[in-house]
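K.L.:
What follows is the residue order along each chain.
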Amino acid sequence: MDILKKIFIALGSMDRRFIFLLVGFSVLLPKLYPDFFTLPIKASSHSERVFAEIDALENGAKVLVSFEYGPSTKPEIHPSAIALLNHLFSKDIKVYAVALWPDGNFMATEAFSAVAEKYGKQYGKDYVNLGYKPGGEAVVKGLASDIRTMYTVDLLGNELDEIIVMENVKNLLDFDFIFSLSAGYPGSKEWVQFACDPLGIPMSTGCTSIQVTDIIPYVENDQIKGILSGMPGAAEYEQLVRNTLSLRGIDVNPGKASINMAAQSMAHIVIVMLIILGNITYYLTRKSTKKGGVK
Amino acid sequence: MFLKRQMPTIIAISVGLFILFGHFINYEPIQHFVDNDATQWFDIIASFAIFLGALNMLKLQVLKVAKKQKNWQYSILAILGFAFAIFAGFFFRGANYVNLTEIDPDKVTQLITHISTIQDIKDPLLMKKSINSSLADYEIPKIFISRSNANHFAGLVSGLATDVTVGSKPWGAHVQIEGSLFSWMFFKVFTPLSSTMFALLAFFVASASYRAFRIRNFEATLLLVAGIILMIGRVPVGELIPWWVVSTLIVFGFGALIAPLIMDKKILFGIIFCGFFASIGLGIIFDWSLAVNTPEILSITNISEWIFDYPTAAGSRAIMIGIALGIIATSFRIILGIEKPF
Amino acid sequence: MDYMEIFGVWLSVFLTLSIFSYLYKDNPFYKAAEHLYIGVSAGYVAVISFWQQIQPNLFGRLWPRIDGNAEMGILKSIWYSIYEFLNWLSTLGGWLDRSIFPENGIKGFDQISFIYIIPFILGIFMLLRLVPKLGWLARWAIAYIVGMAAGLRFYGFLNSDILMQVKAATVDFSGDWWSIFNGLILLVGTLSGLVYFFFSKEQSGIVGKVSKIGIYFLMIKFGASFGFAVMGRISLLIGRFDDLIISNSAENFHATMWITCIMILLLAIWAFLEKPNNGDAVS
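Chains as they are written, first to last, in this note's numbering: chain H, 1 to 295; chain V, 1001 to 1342; chain D, 2001 to 2283.
To be clear, the hints were calculated from the coordinates, so they are not data collected in a lab.
Glycine included, every Cβ here is placed at the ideal spot set by N, Cα and C.
One thing to keep in mind: the hints can contain errors.
Said to hold, decoys possible - Derived list of chain V stretches under chain H, where covered just means 3 residues or more per stretch with a C-beta under 8 Å from a C-beta of chain H:
| no. | region |
| --- | --- |
| 1 | 1043 to 1049 |
| 2 | 1168 to 1174 |
| 3 | 1177 to 1190 |
| 4 | 1199 to 1208 |
| 5 | 1300 to 1312 |
The shape of chain H in the complex, shown without the other chains (with noise of 0.2 Å):
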């Protein structure tokens, strides 16, 4: 008993990069085997919603899509921003990308090209990018009054009225749907504040997960209508839009975010290990200092 004592006391206070190593270790060995850490994805009713208020707008519905991540947290929001788009581009919604953050453009196009020309869909024809602009909720504003005083020319320079997709289409009002791909400020919040609330326009949202806590209020009160949190909710939405795709004679390859939840889970697995571990470590070191006279 004495040994086990001293074994988690010794633990206590292991060097951090040995922690660092075995967090390493955890999601590096999921990803190199595959194989051996499969698991079952069930989806939440938050993406469920999602899904399902996808699933419901028509044929030839008008979707914002607004791109605001970069890079950091690409892997969190970048499959949802796939499967969104496979999801829409298989029922001929019209796609118009929009993006509040800089790194927004380019993982709108890197998205678009991934998925667009598997549908045969044509760039001005079915969807446009019509790039980032600076301002923050001030643009979600001026989109809501007229896309045409923010936006010109779209992301590759043409102008809005040679696009065929963009026709009858003047502001916020003309779209059936916004989809907010969102890691943090400006992001769904101000698409919440200044346009779904204000104009009555439905509206979901992918975020990161640090987020998903500041944007339940609006979820439980379905001003925005289902939540797609991080990776595990980007995992569960690819599962939804594969399974049901698959059933409408369309193939989806398995989404990056559902090839990655064993990695994750195993990482999370770590963690709840360690945190365990370093509270016995804390309770028995408080013990054995409480015994030793000084309290």
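Go by the hints and put chains V and D onto chain H.
P.N.:
What follows is chains V and D alone, placed relative to chain H:
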């Protein structure tokens, strides 16, 4: 003094009032200005502020090199990085394309072979379909950073179409197009640096949790338990935790809650063990190992979803309302000229 | 073989591992990568802001494209000669190609909006912050931004974050007992959390008890935030490892493996050489 002190306050007050009352004034020119022009001005000035930040950074790094302060050698890298981004953005377009007019339909396969030498083709059939649908005017789906590479490729495919031209994407669009020098810088320099900076935090979060996350009191316990349940419940492994583990944890958790109220430890342990055996017994009798029979409360995933949807939402809502009240108070103070953050 | 692409892969792996080397300890690789990041990100944001906002929306409104052959009035001619002068400056006296100021104006808008001289001037004032004697002019531009943000946020936060959230906190007693229970949890949690933040009254007695309940709800919220924060960080780490694994393919000449080995060797040599001089705190 008036221009330095009072004038900014007057600007802030008048703009703030104008924007606020713009919501309530039904006069088209004012509404148009508030909804469109005022927001555009904000965006434009914000862009200049971004420039200011960049130039300020440059100034600090140059001063560091000039005065040979500690680690000044690294500041040279900062300056070079900035210079490269400016060069790729303003001085070198690096976005050249090759356009073919009137492609010979019999030479489409040859064209695809040439394209495969400069980029990966995921689906050759899809590419063939794409080329066949635009034989009159087709742009090679690859952007060349250098003009000479574009010219070289144009030379290779010159016999496959009536006319082959080499062009450059317009200024402005060149910073967005995948394959340009600027996008190369974004994907190969900015992206790895930015992503890895954030990814580093995973290690430090784990180390900090191990060293600092201690159950010192009831509040800390609540924090820890909520965090652990959510961490396990939100990932697929949460689904794999069997009902009897969850029921055991619930029984022990309940025991921990009532422990301060029961002085006699024997009674306490008795209650806990009775609860434990009762839950196991019920589980065997009602066959909770079958997913359809398992009560919802005995699933970590369901518990974590409930914690997320209700207590967490309540706490978040309280914080959200509190922050909103603070922001409204501060905005009001700015509009009235009491607060002058500038 | 695209040499630029392969060089790019090796560079990205090197930069990634340089940042990760901080896990061992602060070292020259990390410092170099960090400084490069500072420089590149500042330049990147400046370039994007310019081409996405300033050039099309400011210069495009002040000097929209005109028909080069059409006759212009005197004032318009003078105005566009300023445009040509700015172009002359931006091309360093005609030495570089036209870029920021294309021929005959910037496409996008139809008419000149002279009112946009105001944000142009305010923008210049903002940049004058760098000049010590004229730095006070930046206050005007900042005042505009602050006033604008105050006006915008007042309405947005009042509507979405207060009125709608207060409305959402109400309990619907027409539902089943479980939804009523959950509704009560939300209401009690929200109210008690708000009571906790009320510091104008001493938190004792009944206020203290309600505040205590509020703390419990806030602790659950912070625990959830912690859990999600861990989740988010691990996701980002997985993303990096994904890229490192892809970069280790044969097409990229096993970049990850080679750079890892070389970096470990160099760091070992550096650590060995640094040891006698090491007076700084380690980890």
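K.L.:
Now tell me if each hint is right for this structure.
P.N.:
Comparing the hints with the structure gives:
{"no.": "1", "hint": "1043 to 1049", "result": "holds (count 3)"}
{"no.": "2", "hint": "1168 to 1174", "result": "holds (count 4)"}
{"no.": "3", "hint": "1177 to 1190", "result": "holds (count 6)"}
{"no.": "4", "hint": "1199 to 1208", "result": "holds (count 5)"}
{"no.": "5", "hint": "1300 to 1312", "result": "holds (count 5)"}
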